[in-house]
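Can you build the whole structure from these sequences, using the hints too?
Top to bottom, those sequences are chains A and B.
Residues in the first sequence are numbered consecutively from 1, following UniProt numbering.
Residues in the second sequence are numbered consecutively from 1, following UniProt numbering.
The hints are all genuine.
Identical copies look the same in the list; a pair holds intra-copy or inter-copy alike.
Straight-line Cα separation of at most 16 Å, EDC-like style, residue types lysine to aspartate or glutamate; simulated pairs:
#1 LYS271 to GLU258
#2 LYS101 to ASP128
#3 LYS271 to ASP251
#4 LYS253 to GLU272
#5 LYS246 to GLU258
#6 LYS143 to GLU170
#7 LYS146 to GLU170
#8 LYS97 to ASP75
For the record, the hints were derived by calculation from the structure and aren't laboratory data.
Protein chains: 2
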Amino acid sequence: MEVWFTEDQTKNLRISCRVREVLFSGESPFQKVAVLDTLEFGRMLTLDNVIQTNIKDEFVYHEMITHVGLNTHADPKKVLVIGGGDGGTVREIVKHKGVEKVVHVEIDQMVIDVAKKFFPELSVGFNDPRVEILVDDGIKHVKENKHTYDMIIVDSTDPVGPAVGLFSEEFYRSVYEALREDGLFVAQTESPFFNSDLITRVTSTISGIFPVTRLFQAVVPTYPGGYWTFTMGSKKYDPLAVDTEKISALDTKWYSPEIHRTAFVLQPFVKELLPK
Amino acid sequence: MEVWFTEDQTKNLRISCRVREVLFSGESPFQKVAVLDTLEFGRMLTLDNVIQTNIKDEFVYHEMITHVGLNTHADPKKVLVIGGGDGGTVREIVKHKGVEKVVHVEIDQMVIDVAKKFFPELSVGFNDPRVEILVDDGIKHVKENKHTYDMIIVDSTDPVGPAVGLFSEEFYRSVYEALREDGLFVAQTESPFFNSDLITRVTSTISGIFPVTRLFQAVVPTYPGGYWTFTMGSKKYDPLAVDTEKISALDTKWYSPEIHRTAFVLQPFVKELLPK
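Below, the structure written as structure tokens:
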């Protein structure tokens with residue numbers, strides 16, 4: 001017998017992964033949570049039937065949502081992660097010795113529990129003494145903590161269901177307020193092939209709030225079309241002005257000082273999505 | 001009723017596209033040929049049930065398999081295309097005014113016929129007076145035409161069935177012989193996530209034959225994992241030594257002078273696949 005997991009990536013596009021075993025399946029107050037052991041990608045986390053992460057390609061997303069921003073800021077000491085309950089983002093942040101404190105706000109306790117049990121490679125960072133985990137609403141947290149963080153990472157699900165508010169102008173304004181005077185934030189902002197309207201709206205909104213707005217890209221095979229973007233809003237530092245020769249070596253598989261630079265070099269059809 | 005086309009991208013990974021209409025389905029002496037009108041990607045060509053090209057993302061592959069090499073060679077006049085019967089590759093080549101002759105060798109007449117009928121956007125280049133179409137075996141053609149071409153493009157299907165020979169050492173040696181003394185070739189060489197062994201073997205083989213071997217990359221959403229590579233073997237010119245400021249403007253959506261440079265900047269995990 002063959003068992004397959006199928007995700008509707010769009011109304012008209014599906015990805016299917018052959019499953020060795022369903023390791024966990026549950027329903028939290030926020031979403032359906034499942035852990036599948038897949039033959040192609042190893043263990044895989046899905047939320048509401050959408051692939052979030054997996055052992056094979058997780059390094060791309062987690063390295064890019066963290067190191068680009070951390071190496072853009074001159075001295076990031078206090079970092080906030082919203083979402084990303086699997087732990088991969090926190091794992092990458094704690095590779096930076098200068099970071100003194102990571103506040104991780106995940107709305108769903110079940111995701112954290114599942115990460116600890118089934119994804120030790122990702123959740124390993126939770127044990128770092130600098131990490132504080134709060135099971136709470138990230139939107140509320142940024143509103144209540146003004147002028148607090150050097151960097152904020154919005155490691156959200158797609159802009160449906162619980163994550164809709166994380167793509168709103170009001171939220172980006174709260175993020176601005178929650179950052180210190182030279183702070184910056186990075187958010188995952190979907191695919192230029194399938195979510196071009198969202199990229200246009202988000203980059204336009206952020207550039208109305210932050211002095212520096214930059215889109216950068218990577219490839220996550222299990223996300224629709226593979227090609228994926230992140231957006232940085234920054235009060236002071238420009239990622240393009242970083243002296244990449246001074247970036248310290250990190251144990252990474254996708255990110256490198258060279259990739260730091262080239263990730264911002266966008267193809268003509270992506271440039272067209274950005275504010276003029 | 002919903003109709004879906006499903007491709008086995010690997011034994012354990014599938015992509016499915018919703019189909020509005022099956023426009024053509026036939027069997028040539030070489031392969032099954034189908035044209036589907038899909039809701040997500042528009043018209044799509046499949047060979048032996050594998051997606052070859054489609055209206056939505058074809059620009060990436062066709063721009064990258066052509067312009068990178070054409071702009072690396074100082075004066076490419078005579079170009080050979082092996083495979084690529086849909087015409088997209090030829091369409092991009094004829095954008096270069098300096099090219100005097102394009103010989104297009106496609107083994108399967110049915111692919112050419114289908115391209116002319118269903119993909120006018122791709123096959124438009126067939127009408128250029130510089131283009132000669134030969135329905136023939138590309139392997140035989142390179143053996144019989146020594147010291148003839150400035151550039152050879154291997155626009156093949158995956159390394160199964162009719163295309164196996166196009167990934168062999170013997171073939172790369174014939175390609176070397178078919179090139180003039182400063183010639184170069186570019187071949188599509190699959191995914192670093194799913195075909196890493198092939199990339200290692202092919203780049204190692206080519207670097208044993210050509211003085212310059214370079215791997216470069218782009219993202220084709222309908223290919224497994226999106227992330228895709230091309231390999232260049234060159235007798236003289238190095239794509240990294242090109243003065244990208246001197247590259248003439250072309251009407252392109254993925255390729256640009258900046259992308260010419262950054263396409264060769266590889267992530268650590270891809271670098272590891274290359275000959276040391």
